[in-house]
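Enquirer: Spelled out from the first residue to the last, the chains are:
Protein chains: 2
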Amino acid sequence: MAKPLKTAITPVRAEDYPEWYQQIIKASDLAEKSPVRGCMVIKPWGYALWENIMRGMDDMFKATGVKNAYFPLFIPLSFLEKEAEHVEGFAKECAVVTHHRLEKNDQGGLAPAGELAEPLVVRPTSETIIGDSFAKWVSSYRDLPILINQWANVVRWEMRTRIFLRTSEFLWQEGHTAHASAEEAIERTQMMLEVYARFVEDFLAMPVIRGSKTASERFPGAVDTLCIEAMMQDCKALQAGTSHFLGQNFAIASGIRFQNASEEEEYAWTTSWGSSTRLIGGLIMTHSDDNGLVLPPRIASAHVVLLPIYRSDADREKVMAYTEKLATDLRGQKYHDRSVQVEIDTRDIGGARGWDWIKKGIPVRVEIGPKDIEKDALFVGRRDHDPKQKTSIPRVQFLQDFTATLDEIQRSLYDRALNFREAHTQKIESREAFDAYFTPRSAEKPEIHGGFALSHWCGEAQCEQQIKEALNVTIRCIPLENTPEDGRCICCGRPSRERVVWAKAY
Amino acid sequence: MAKPLKTAITPVRAEDYPEWYQQIIKASDLAEKSPVRGCMVIKPWGYALWENIMRGMDDMFKATGVKNAYFPLFIPLSFLEKEAEHVEGFAKECAVVTHHRLEKNDQGGLAPAGELAEPLVVRPTSETIIGDSFAKWVSSYRDLPILINQWANVVRWEMRTRIFLRTSEFLWQEGHTAHASAEEAIERTQMMLEVYARFVEDFLAMPVIRGSKTASERFPGAVDTLCIEAMMQDCKALQAGTSHFLGQNFAIASGIRFQNASEEEEYAWTTSWGSSTRLIGGLIMTHSDDNGLVLPPRIASAHVVLLPIYRSDADREKVMAYTEKLATDLRGQKYHDRSVQVEIDTRDIGGARGWDWIKKGIPVRVEIGPKDIEKDALFVGRRDHDPKQKTSIPRVQFLQDFTATLDEIQRSLYDRALNFREAHTQKIESREAFDAYFTPRSAEKPEIHGGFALSHWCGEAQCEQQIKEALNVTIRCIPLENTPEDGRCICCGRPSRERVVWAKAY
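Heads up: the sequence lines are chains U and H, in that order.
Quick note: the first sequence, position 185, residue 267 per our numbering, numbers continuous.
Quick note: the second sequence, position 202, residue 284 per our numbering, numbers continuous.
No lab work stands behind these hints, which were simulated from the structure alone.
Please note that a few of the clues may not be correct.
Stated by the list, open to error - Estimated spans, in silico, between C-beta atoms of each pair:
1. H/R413 / U/K186: 56 to 62 Å
2. H/G196 / U/E269: 39 to 45 Å
3. U/R224 / H/D395: 45 to 51 Å
4. U/S222 / H/A396: 42 to 48 Å
5. U/E406 / H/R398: 55 to 61 Å
6. H/R339 / U/K470: 55 to 61 Å
7. U/E347 / H/D395: 47 to 53 Å
8. U/E345 / H/G432: 19 to 25 Å
9. H/A543 / U/E167: 56 to 62 Å
Ideal Cβ positions, reconstructed from N, Cα and C, are used throughout, including at glycine.
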């Protein structure tokens, strides 16, 4: 048996993918569990990713006319009950506030006191509370459309949690819009899906499939749910953003009415769309390797780390001056609207320093020693290359090419992810081949299977259900770019007009 | 009797200041009450102010080495109890989560179910939950300092609420740092107070007094609380930011221990500092007038509105083309790191349009009609001038001077606020004069009184208490720049070494 590769992360992906994921988060110092069940602490290196996501996405939202606002954290129970499917969908995972102060109890400790007349639910999503405002804001067609977004925390009480992917509290944005016609609302639903797709592909370097959900996978209360789906390195799908056409369901529930141009009263047509800190989980699982986190430059917490190397005090002074000058030159450059973010690491910990930054996923590492300075050159490593592959590059050339190098890394990560997805996507025609594709290769590695199957589906929920029960495989989406094609349902063999994406999913 | 002035806001300040404040918020469309007791809805024009506050302040924090992170919304009750004074200070206003799902009850409605073993408090502030993380992160003096900030929502259940000034949920930032020495922690406490002071003066154009709180006004659990205090137009003080030196109190409560350079175990020294959406309330009450909101350009939701004027379709095309070109030219300019924000209002509502933007406080209004275009000139109004004072300015000159004009408005607002404060601040030596100063001029206008009194105080809590009970006047702060001066306590007549700032307060 070949010796295992020397890697920075234990276990490696092939050994235990879920545990590898936890170890990546630990080694890169992104986040940690908190003492509050299911809630996470997002540490600075992880929160910087969220800041970059917020900034990039927010600019894209605003370019479509959306404005930010803020609505209450608490939703009166009676509001949630207004839309039957909606409350049904969220009732099992609601944190409920029942009291508004603490009082000394008999044991000298504190206990909840001041019971509320109506319990308040910590928002799991805000359709009903925002709908209440929209109802006040709208009276005429001239008040429409309303295009609002909110950056906020939400709570969905999850029994089994995993950092970034499924936590009881998470950070997200939720967009809510109201329109005078179904057509316009549908157009907005599609537009925001496209914003998500472009953001996730361009910033996070994650290729996605744009599609619509089947009825069974829709947002509770929606008429149609559009989504983008990405493939992780264990070949499972991750939903990376959803955009819902809500029809008039929530407008009726909240009373969002307007007078149209003919002076008739109508209910508005609404949409909602959201993406969350879950994106960070997807980012990790798409690009990271057995040496640690890998960050695409457009979203990276920092772009480059400078590692000055010296033994003597005289060297120290010279190397530090050179390093500071280089940092200033780099910070003066713009990379896609953001100043280049530079870290300087002067810790006296030897080779562990370079490995620390590899584990943290920084796109570029630069070693600067007295000999490099003599040549006016730098010793450069790229996170998309093997850790040992480092190149001496003249300083001037390095600076000149720096943002182009970042773009090259960005592209190489995207291409690698796309190639991976394509290598693990198959058109499958028979149920036998389908079953084999999704059956784990061995009992020891239950997560390893084929990937995405493009197979026909008749449109019946019961076929979907049967396959879910048999294989834990679901329809991730009906791709928007589908070309009609005659075939037979992978489950029941009845005629079908198009293929859908089947996969195991997070 | 003279005719009352024609104003856009009813009532005017002199008639009913508190009601005027509510009407300003309504007329400028900043925010509104929500159906959830004590919580507000921040509307886009108001939220843009908060976005600008976040951006400006965040840059200043980061320049001092602070990094952002995120900690759980929920605090286990046992955590809050760790610091005795702290929990005492917040117990009466805590929203408590006691259940984690909803279940159908006998009446067919939903009721809280799944009772939690330990109740969770919705964070009123995060010293205890962040302290728990710090305790894990720190083991050696090499791990210090830790400099963390969090942008978040917090909840303090208030019985009497007022939009922006006192709401049950509000948005804020809370900084938390840990240090290896008391000196360093005190230095950080002062540094962050200075960041607040500079931000509030430079961005919000609100002059502030930097000071420290007396023991009775300190943050629960703090050793020392520094603050900045501003004067509103009703001569009351508003605390606009606080920075706390927490000594080792919270480090002991949370177990934040480290080994110092001599390998001895010590408790860390911590600080915390916060500012909130309350700043928006202060902004409103400092600058707004009887015509509506007045926004300082550096924080304004938008800098300029263009109001195209046309009657015929031919004019329309010409005017709109000219307007769009002007908007593009303006947006291409930078005003203090932010692109110039331009609104174009094409609503067909006549003169109400201009008044709308006056009420919304936009710094510059530009009317563009066919005759102006012939002269290649614009008809310009400034929010710091009388609404009727409008000037024709050649377009080229307008563009050339635009950011200088914004700076001029910014300065004029600051100067006006500073003059107001100085006109309403007096050194007062006798208790008689002090009482008269703080006694309302008439029963009908209970809010009108002298302003800030600079008077001596012996340092005894009972004198503070006596004056509070008699006049509802408190010590807002002991100014940091105080020069020692011998005098006699305004309350008891005993010797005093310095003057303090006495005022009624929000």
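Enquirer: Run every hint past the structure and note whether it holds.
Expert: Cross-check of the supplied hints:
no.: 1; hint: H/R413 / U/K186: 56 to 62 Å; result: holds (59 Å)
no.: 2; hint: H/G196 / U/E269: 39 to 45 Å; result: holds (41 Å)
no.: 3; hint: U/R224 / H/D395: 45 to 51 Å; result: violated (21 Å)
no.: 4; hint: U/S222 / H/A396: 42 to 48 Å; result: violated (29 Å)
no.: 5; hint: U/E406 / H/R398: 55 to 61 Å; result: holds (58 Å)
no.: 6; hint: H/R339 / U/K470: 55 to 61 Å; result: violated (40 Å)
no.: 7; hint: U/E347 / H/D395: 47 to 53 Å; result: violated (32 Å)
no.: 8; hint: U/E345 / H/G432: 19 to 25 Å; result: holds (22 Å)
no.: 9; hint: H/A543 / U/E167: 56 to 62 Å; result: holds (59 Å)
Violated hints, in rising order: 3, 4, 6 and 7; the structure is consistent with all others.
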